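Here the protein sequences line up with chains E and V, keeping their order. Going by numbering that gives the first Met the number 0, 33 is the number at position 34 of the first sequence; the sequence numbering is gapless. Going by numbering that gives the first Met the number 0, 82 is the number at position 83 of the second sequence; the sequence numbering is gapless.
Calculated directly from the structure, the hints in this document are not laboratory data. In this text the structure is predicted, and so the values were computed from the model without any measurement. Every residue, glycine too, gets a C-beta built ideally from N, C-alpha and C. Among these hints, one or two may not hold up.
[As the list claims (entries may be wrong)] Result set (DSS-like, lysine-lysine): computed pairs, CA atoms no more than 30 Å apart in a straight line:
# : chain 1 : residue 1 : chain 2 : residue 2
1 : V       : 157       : E       : 136
2 : E       : 136       : E       : 114
3 : E       : 114       : V       : 111
4 : V       : 150       : E       : 114
5 : E       : 23        : V       : 247
6 : V       : 157       : E       : 23
[Claimed, not checked] Far from chain E, by Cβ distances over 12 Å, these chain V residues were calculated:
#  : residue
7  : 5
8  : 59
9  : 94
10 : 100
11 : 112
12 : 119
13 : 121
14 : 154
15 : 164
16 : 169
17 : 171
18 : 228
19 : 231
20 : 232
21 : 237
22 : 248
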Amino acid sequence: MTKTGDAIEISGLNKWYGDYQALKNIDLNVAHGERIVVCGPSGSGKSTLIRCVNSLEEHDSGRIVVDGIEMIDNESINAIRSEVGMVFQQFNLFPHLSIMQNLTLGPMKARGMSKADAEERAMRYLERVRIPDQAHKKPSELSGGQQQRVAIARSLCMEPKIMLFDEPTSALDPEMISEVLDVIVDLAEDGMTMIVVTHEMGFARRAADRMIFMDHGEVIETGTPTDFFEAPKTERCKQFLSQILQH
Amino acid sequence: MKLRTALLFSCLIFLVGCNATPGTWGWYVIDPRTQSGYNNIRFLLNGFGATILLSVIAAFLSMAIGLMVALPGMSSNRWIRLPSRIYIEFVRAIPLLPMLFWVFYGLPVVLKSMGINVSIDAFWGAVITLAISDSAFTAEIYRSGIQSIAKGQTEAAKTVGLNYRQTMRYVILPQAIRRILPPLANQFIYIVKMSAFASVIGMQELTRRANELVVTEYRPLEIYTLLILEYLVLVLIISFFVRWLERKMGSDESR
């Protein structure tokens, strides 16, 4: 398998929900190590877009290639999923399992790792997200910020090449947002390829290589954070920025 | 609380029996202080074994069949969904007693015509009937439990590489079972009570023994009163066990 191409190549992507077109002819390439922030009003298709990348949503037409693997059948979907980690708005930790079990389930069951190896790896990533001392608690005993950091560590335990973040801080209390963003910035600085759907514009300025603005299922504007924030080209983008930067 | 009510209830009946006018109650028939009363009560209580064994096996089978019916019933493919829908609608519509007769008298004939020579005795006839008839209900309970687990759990399981079977086994079912424990317990109690029907095909469980003793002793009031109390004790034991199980499993559920 050649790895010369981009980390993610999307071309002509369309997605329908019944009569409603959620994604309209999306073309997007993400280079290895590139950090992309996707923003836009709600219902603009940004979550749908990243959920297509690991096939949590099935697309109706278009081509998706992730790390050289074209998404064509279940086998390729599984191969792609093992390269792609995902962090959800609602954390989606497994509430009946301890933090440690949340982290080791995938490596042990899907990868066949031994318990000792999986736990060692889990501890390494728990340290990385700065909560090594909570390993034996249940998710409900942790704060929202801690839960989201556990969710990030759970994804990292599968050692993905690409990380997708679907509004990772939208369900958090304000005082917990920065502890989660710091962890994501850390990852970005280590060269992880990532697509982050977020409204945290401060984070975008700090971490993004490229901004993508979506509306009504289309990519309206893309550019470096500086260009994007200082000199938005389209009217819709200006409007959006003025709305969210007011608060 | 429940136990106290039950004890009070049985004491009341007993007191009424002792004080009533002669001829109304005759507890002598199961009075363990006399030889014949002792023999009678032993004969009746010996039915517990069969009732319990029958109910437990039927309940486990019903839960297993129910799950196997429920899972394809939630497929996104309608052709996989259809057979399980048909099974549930069909089985749910058959009254227990006719099904029991059909399994006990009819099924061996059908099997024989297919070249399978098995005799179905009263015990297995009753087990099969109870398990199948109950499985349609357990299947629906599983479905509601599994569908109540947020979609995000399945998605998270997919993103950490679990396949469908692993997702069900390690993520969805452990959470669903915790939620459906109360209705599953209901079904188990239902099976215990419905196992009384096995008496009509000649199985020597609690009800059959009571019937047989009534015929020889002609004391239906006392014997059937005891019979009801026997079921009450069984069901109360199950209730307590399930409450304990709920506390044990519920304690680690997130709020």
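Checked hints:
Distance check on the hinted pair: residue 157 (chain V) and residue 136 (chain E) sit about 23 Å apart at the alpha-carbon level, within 30 Å; holds. With a C-alpha separation of about 18 Å, the suggested pair residue 136 (chain E) and residue 114 (chain E) falls inside the 30 Å cut-off, and the hint holds. A C-alpha spacing of about 52 Å is found between residue 114 (chain E) and residue 111 (chain V), which places the hinted pair above 30 Å, so the restraint is violated. Of the supplied pair hints, the one linking residue 150 (chain V) and residue 114 (chain E) holds, its CA atoms being roughly 27 Å apart against a limit of 30 Å.
For the hint linking residue 23 (chain E) to residue 247 (chain V), the alpha-carbon distance of about 51 Å lies beyond 30 Å, and the restraint is violated. Taking the CA atoms of residue 157 (chain V) and residue 23 (chain E), the gap is about 26 Å. The hint holds against a cut of 30 Å. Non-interface call for residue 5 (chain V) relative to chain E: holds, since the shortest CB-CB distance, roughly 34 Å, exceeds 12 Å. With a closest Cβ-Cβ approach of about 23 Å to chain E, residue 59 (chain V) is found to remain outside the 12 Å limit, as its non-interface label requires.
Residue 94 (chain V), annotated as away from the interface, keeps every beta carbon of chain E farther than 12 Å; the closest lies near 38 Å. The Cβ of residue 100 (chain V) sits about 43 Å from the closest Cβ of chain E, beyond the 12 Å cut-off, so the non-interface label holds. No beta-carbon of chain E comes within 12 Å of the beta-carbon of residue 112 (chain V); the shortest separation is about 42 Å. Against the 12 Å criterion, residue 119 (chain V) stays outside the reach of chain E, whose nearest CB is about 41 Å from its own CB.
With a minimum CB-CB distance of about 41 Å to chain E, residue 121 (chain V) clears the 12 Å threshold, and the non-interface call stands. Not every beta carbon of chain E lies more than 12 Å from that of residue 154 (chain V), the smallest distance being close to 5 Å; the non-interface claim is violated. Look at residue 164 (chain V): its CB is around 10 Å from the nearest CB on chain E, not clear of 12 Å, so calling it non-interface is violated. Residue-level check failed: residue 169 (chain V) sits 6 Å from the nearest beta carbon of chain E, not beyond 12 Å.
With a least beta-carbon separation of about 10 Å from chain E, residue 171 (chain V) fails to lie farther than 12 Å from that chain, contradicting its non-interface assignment. Separation of residue 228 (chain V) from chain E is adequate, the least Cβ-Cβ distance of about 39 Å exceeding the 12 Å criterion. The beta carbon of residue 231 (chain V) sits about 34 Å from the closest Cβ of chain E, which is more than 12 Å, so the claim that it is off the interface holds. No Cβ of chain E comes within 12 Å of the Cβ of residue 232 (chain V); the nearest lies about 33 Å off, and the non-interface call holds.
Non-interface status of residue 237 (chain V) relative to chain E is upheld: no Cβ of that chain comes within 12 Å, the nearest being about 24 Å off. Residue placement check: residue 248 (chain V) does not keep its beta carbon more than 12 Å from all beta carbons of chain E (closest about 9 Å).
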